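Join the two chains into one complex using the hints; note that each chain is given alone, in its own frame.
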Amino acid sequence: MQHTLSVTVEDKPGVLARVSAMFSNRGFNIHSLAVGPTNVEGRSRITLVVDAPELEQLKKQLHKLVNVIKVQELEPSETLEAEVMLVRVSCDPASRGEVGDTAGLFAARMIDLSPKSMTLEISGTPDHLASFLDHVRPYGIIELVKSGRVAMKKKSDVSTSLIGGGTR
Amino acid sequence: MKKQPFTGSNSLLSSLEHEGVEMIFGIPGGAILPAYDPLLDSPIRHILARHEQGAGHMAEGYAMATGRVGVAMTTSGPGATNLITPLQNAKMDSTPLVAITGQVGTAAIGSDAFQEAYTTGLAMHCTKHSYLVTDADELPNVIHEAFHLASTGRPGPVLVDIPKDVLNQPTHWYEPSLTGLPGYKPTREGHPKQINAAIDLIESSERPVLYVGGGVINAGASTELAEFAVAVNAPVVTTLMARGAFPDDHPLALGMSGMHGTYPATTAIQKADVLVSLGARFDDRVTGKVDAFAPHAKVIHVDVDPAEIGKVRKAEVPIVGDARLILRALLDRVLSLRDAADAPTRQEWFDQLDSWRKSHPLSYDQDPDGPIKTQHFIERLHALTNGEAVVTAGVGQHQMWVSQFWKFSRPRSWINSGGLGTMGFAVPAAIGAKAARPDDLVYALDGDGCFQMTFQELITAATEDIPVKVAVFNNGGYGMVKQWQSLFYEGRISATSLGTTIPDYPNLAEAMGCVGLRVTHADQIDVTIEKSLSVNDRPVVVEVVTDPEEMCFPMIPAGGSNDDIAMGPEDL
Ligand SMILES: Cc1ncc(C[n+]2csc(CCOP(=O)(O)OP(=O)(O)O)c2C)c(N)n1
Ligand SMILES: [Mg+2]
Numbered sequence: 001m002q003h004t005l006s007v008t009v010e011d012k013p014g015v016l017a018r019v020s021a022m023f024s025n026r027g028f029n030i031h032s033l034a035v036g037p038t039n040v041e042g043r044s045r046i047t048l049v050v051d052a053p054e055l056e057q058l059k060k061q062l063h064k065l066v067n068v069i070k071v072q073e074l075e076p077s078e079t080l081e082a083e084v085m086l087v088r089v090s091c092d093p094a095s096r097g098e099v100g101d102t103a104g105l106f107a108a109r110m111i112d113l114s115p116k117s118m119t120l121e122i123s124g125t126p127d128h129l130a131s132f133l134d135h136v137r138p139y140g141i142i143e144l145v146k147s148g149r150v151a152m153k154k155k156s157d158v159s160t161s162l163i164g165g166g167t168r
Numbered sequence: 001m002k003k004q005p006f007t008g009s010n011s012l013l014s015s016l017e018h019e020g021v022e023m024i025f026g027i028p029g030g031a032i033l034p035a036y037d038p039l040l041d042s043p044i045r046h047i048l049a050r051h052e053q054g055a056g057h058m059a060e061g062y063a064m065a066t067g068r069v070g071v072a073m074t075t076s077g078p079g080a081t082n083l084i085t086p087l088q089n090a091k092m093d094s095t096p097l098v099a100i101t102g103q104v105g106t107a108a109i110g111s112d113a114f115q116e117a118y119t120t121g122l123a124m125h126c127t128k129h130s131y132l133v134t135d136a137d138e139l140p141n142v143i144h145e146a147f148h149l150a151s152t153g154r155p156g157p158v159l160v161d162i163p164k165d166v167l168n169q170p171t172h173w174y175e176p177s178l179t180g181l182p183g184y185k186p187t188r189e190g191h192p193k194q195i196n197a198a199i200d201l202i203e204s205s206e207r208p209v210l211y212v213g214g215g216v217i218n219a220g221a222s223t224e225l226a227e228f229a230v231a232v233n234a235p236v237v238t239t240l241m242a243r244g245a246f247p248d249d250h251p252l253a254l255g256m257s258g259m260h261g262t263y264p265a266t267t268a269i270q271k272a273d274v275l276v277s278l279g280a281r282f283d284d285r286v287t288g289k290v291d292a293f294a295p296h297a298k299v300i301h302v303d304v305d306p307a308e309i310g311k312v313r314k315a316e317v318p319i320v321g322d323a324r325l326i327l328r329a330l331l332d333r334v335l336s337l338r339d340a341a342d343a344p345t346r347q348e349w350f351d352q353l354d355s356w357r358k359s360h361p362l363s364y365d366q367d368p369d370g371p372i373k374t375q376h377f378i379e380r381l382h383a384l385t386n387g388e389a390v391v392t393a394g395v396g397q398h399q400m401w402v403s404q405f406w407k408f409s410r411p412r413s414w415i416n417s418g419g420l421g422t423m424g425f426a427v428p429a430a431i432g433a434k435a436a437r438p439d440d441l442v443y444a445l446d447g448d449g450c451f452q453m454t455f456q457e458l459i460t461a462a463t464e465d466i467p468v469k470v471a472v473f474n475n476g477g478y479g480m481v482k483q484w485q486s487l488f489y490e491g492r493i494s495a496t497s498l499g500t501t502i503p504d505y506p507n508l509a510e511a512m513g514c515v516g517l518r519v520t521h522a523d524q525i526d527v528t529i530e531k532s533l534s535v536n537d538r539p540v541v542v543e544v545v546t547d548p549e550e551m552c553f554p555m556i557p558a559g560g561s562n563d564d565i566a567m568g569p570e571d572l
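These protein sequence lines are chains V and S, in that order. Residue numbers for the first sequence follow the numbering used here, so the first one is 1 and each next one is one higher. Residue numbers for the second sequence follow the numbering used here, so the first one is 1 and each next one is one higher.
The following block holds chain S by itself, in its conformation from the complex (with noise of 0.2 Å):
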């Protein structure tokens, strides 16, 4: 054991070493600085962000590179009303994040002190679960509930909040349990009647679509889902979060359903007589009108949080539990019932898929004179890494593109902000996704317009060591809302336009310790991506000047039905 701490700082600092955390992303300032201070001796490495919400975008990006809990830090007041966004996305995200910020003096609380916000009363909507430390005494346990809470069931944020006056109170340190939550206990194991009732379901369906969602990454099931689509011979839609959960190679899968899915995996959902979701949560962005969602199938819904079974679209299965532990569960059922090989063949659904994926493919043309197409770059950069690369997002045309183009061979390999769609995710989560792991190449795809949301935080990337590619698609603005205006508002364009010159890129890049980098021509783009991977002692922006006209499709217009996918404009 080490030597018994002194302070709630001292005590804070054992407990986040307990819980194995190798990483903080944070600033500091008054009510936090007492932690500060052990953090010099700590193991810990502390990685000093330039804006409290990249440090909490870099957690949500080591979280999501990892599966591991991520840990952002902060000050008081300012400090923790920048971190709501990161914790509001991941929530939406289901990512597994501990967020702890400092609060005034106890004494000072609710007085409008300098730097005071009610934090657990912000955070009371955007986390999990939060915490108000008033005794140091409780920290160890209370930073191992967190901890606990964050990664268990359906992960999630959850925030500690911890007085300054708490931070500096003399305690101790213990080894810390679980005795204080006798209302959380997250189901695991599915009711063995309900995975007969879906076996047997599955087994007699003609048409079935295993819809597969973020949880089954969560819960790193990929293994499980692969043997399983096979087993029952189901093909597989990914969901947007989803993405990498299942090999976009594989003969069964169909790609992202949605706003803006494939035609085969959108149209497989509308006609299949068996849907099964796993760890999905029937979004508005995947149902479209729900009314008219999948409107032949029986569903089976299987999720860890009780709570969405139901919510949306009434299920006929339900199973509440941990989609691996499930998966296994029906596959060992399947098995039981019959040889892996007799799956039914149901020759007439797969004969309609295929015709679907030569009728319906994705596209686009990339004029080689003309301006570059950001999916021919995405399809460049691919092949050039051989899609050995975690890529994250921001929030736009060019995220579509890449869950579009980029094919997806494994789980934790793209990271985005789904749920929440929050501009600006893409730079800091790449480097918390590099931080987690330094030897794998992390690309942000990013669009200008989001780009200009958190670029900053490149500086921490170049200061901390640690260099991630950053890719800015510049079509000169915020090509998806303009695409919406374009489409659906006359061509009327108010606010979208940000010009293509300014900021200059490379020299911005340049300017922030990183190298920076521009391609404007199509046959400059391969050569310029090499350029990019050759770097590896500084971060790197490559400016990818785009075609500002290129509209993002198929596309569902919002709150339209999934049978009426525009494969152009002209289908609108």
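Here chain V stands alone, though its shape is the one from the complex (with noise of 0.2 Å):
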């Protein structure tokens, strides 16, 4: 079962390894990780996807962790959540047009071109990156680099799913 965790710490040395040291001794899979600072100085936020039967002794354990400010599963129904990916993807001049117009309707933007490929940026919801791969697979994808998910709580009570991409 995947589950979404957002993990506030003090932005110290060592916090990130204290933390994915929690999952890998206990033998659970980090999914995706993504770190990085947040409105607070001095605070930042790791946003963890990972692979475990059940969340509340992992979340208890990493409120343990002396840096650990506050962890809180973030519920797939009421979550936003995004990831950035970069793709290469093959195509020459005839079929260059096809991939840009995909692109485009995805709000993928082009970063790189070369005379046999095409390099997109694309962000939003796992489901949206998902959809995206799927129609540019059959050009062939050359590489493929992804960042971790990043996810807050939802303010607004409109379901995730209408504003764009749905959940997982």
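Calculated directly from the structure, the hints in this document are not laboratory data. Note that the structure is predicted; figures quoted are calculated from it, not measured. Mixed in with the good hints there might be a few duds.
What the hints assert, rightly or not - Cβ-to-Cβ under 10 Å is the rule here; a few derived chain S residues that face chain V: (1) 158; (2) 340; (3) 341.
Stated by the list, open to error - The calculated PhoX-like cross-link candidates involving lysine-lysine, where the alpha carbons are at most 20 Å apart (straight line), are: (4) 531(S) / 12(V); (5) 185(S) / 60(V); (6) 60(V) / 314(S); (7) 531(S) / 59(V); (8) 64(V) / 531(S); (9) 193(S) / 59(V); (10) 60(V) / 311(S); (11) 314(S) / 70(V); (12) 59(V) / 314(S).
Glycine included, each C-beta is placed from N, C-alpha and C at the ideal position.
Okay, structure coming up:
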């Protein structure tokens, strides 16, 4: 079962290592991880997507880490999430137009172009990215890199599925 | 105010003094060298161990005997890696410890410099928290935080790694503050709703059991525990770590439960309808097969560490907080509902417990002409000292026998390695305890196997004038492991015999500046003990030559159900 966790930590050396070690020690795999500063000075936020049967104990163990300030489990239905992906699609001048059209439909941005490939940058929900990939895969994917997922709790009561891409 | 110190080292010493440190157990070396210079002028006593593992266990013994934070200091690299065992030991047994380690100079970190080890990385998994100090100006706050973390919430070891250049860095000392721990707020008071729910459950219970762990000792809650047990009229089981938290001669005491626990203690939990866990963590040595543990009981789980609650066993009433404050609140609640004297009598339950006490007592046979049984020596020592001693133990049969046969009457009189089961703990821990409490009798009750792991610390004891006493139970080997081989490996004895003649313990003791004694016959036990008690200017080592065939019972095989207690080999 995949869970998304948002962990607010002190921005100090070794904190990320402690957090990730807490999972690896227990044999749980971190599916995705993103870390970065927040609007509060000295605080970072780590967004983790983990495969774990249950989260209660893991959350408590995270809390036990001295530098961890807050642990929040983000339920898919009430979460805003986004990933960034760079994908290099094989295309020659002949197929360039089609790939470009698809990119346009998904609001992907062309950031590099060569005679044999086009590199696109896209961000959005995991579903949005997955759907985009489905459409460009037939042209051939040469290289792909994805960021960790970032997420925060929604404030509006609109279902996430209506504001683009849907939930997982 | 004292004169402003000049360097990180001065600041470190000022900080340690500020925390009220009275002694440090350690060994110097290159990276920590700067700190050893101002130590010369400090009122803090330094006790020079002979191995850093010894220094760490001494600091643990000090902490367990007093409840104060124990301090160990070592150099980088091997000095730090030698500390790993005590750190993990302290983590498992929630012992407050601060370890100070030297580190190679900041510029050399990561270059595989001489005596470099990634100490904070190593410590990540065996401390409550660790620091790498990169600026001497941080030292007062870091040391203050380290002591705060070690001693509050669930106590534990904290490591502070200080590079040599930071120790040499010009700095100033200032009054530290605790502004730097935004995520650390241990809960102390129990939630009133849960307190009430717990009392409702206990009051209506027919077969309650108080299952008491080391947290009660850490919280200094023995007085409250005794009052509470009487007020709710419930029997008390103590874990290995909690021996002494509740007096064994109390009518409500059932002794230790678990793998080598007493039949009444273990069985009471199996039959309980309400189990009140107080600062205990449902360790596998206590629960046996978890699914079969306390199958009828609703659980009230009191712990200062929220992560303990529900970790092993679901709790019907979880209460997070300090055991002493919670016991006080529970007591207040009971007494607000009724008079103390109106506790439920639970006659059936107490009759049942009494019948188990009678039908399944702890026992052994001391043949007056046969080999000495360790249990007998323990009972004689207890009798001849009126039980007024701090006893430490190693790990093995002897440890279980001390726990079973020493009748504890006060907290902090039992110092052993419970969670990690660290052989070699007894001697250095006893030294730390004796250094902390010089007026008390401190007796290490050690196995021959364990003794051979750390006996060199007796040189520390002799040279530092710390007159501990040590009984070495020489059963010619790793008795506990041999017992498992006898019982579960068809008697195929593999690598568990140490022989009984080498080393010559009394001579070894004398060579280390101690008095060496040996007792081989039961009728000589008392005179030998008396002799050991009469020496007070040097450590004493008593070799007790014991029965190599004796096995430790009751016993529940690993992973077995606690319903299947074997009182002897025939039950297995
Ligand atoms: C450091 C360490 N190594 C190995 C063990 C495994 N072990 C547990 S008990 C034991 C034997 C202890 O022998 P001894 O001190 O003579 O005690 P006895 O059981 O004979 O009383 C061993 C080897 C351990 N607990 N700790
Ligand atoms: Mg032995």
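Tested hints:
1. 158: 9 Å, holds
2. 340: 36 Å, violated
3. 341: For residue 341(S), the interface hint is violated, since the closest Cβ of chain V sits about 40 Å away, which is over 10 Å.
4. 531(S) / 12(V): 57 Å, violated
5. 185(S) / 60(V): 13 Å, holds
6. 60(V) / 314(S): 15 Å, holds
7. 531(S) / 59(V): 56 Å, violated
8. 64(V) / 531(S): 49 Å, violated
9. 193(S) / 59(V): Violated - the C-alpha atoms of residue 59(V) and residue 193(S) are around 23 Å apart, more than 20 Å.
10. 60(V) / 311(S): 10 Å, holds
11. 314(S) / 70(V): 24 Å, violated
12. 59(V) / 314(S): Judged against 20 Å, a Cα distance of about 16 Å means the pair holds.
Consistency note: the structure conflicts with the earlier hints numbered 2, 3, 4, 7, 8, 9, 11.
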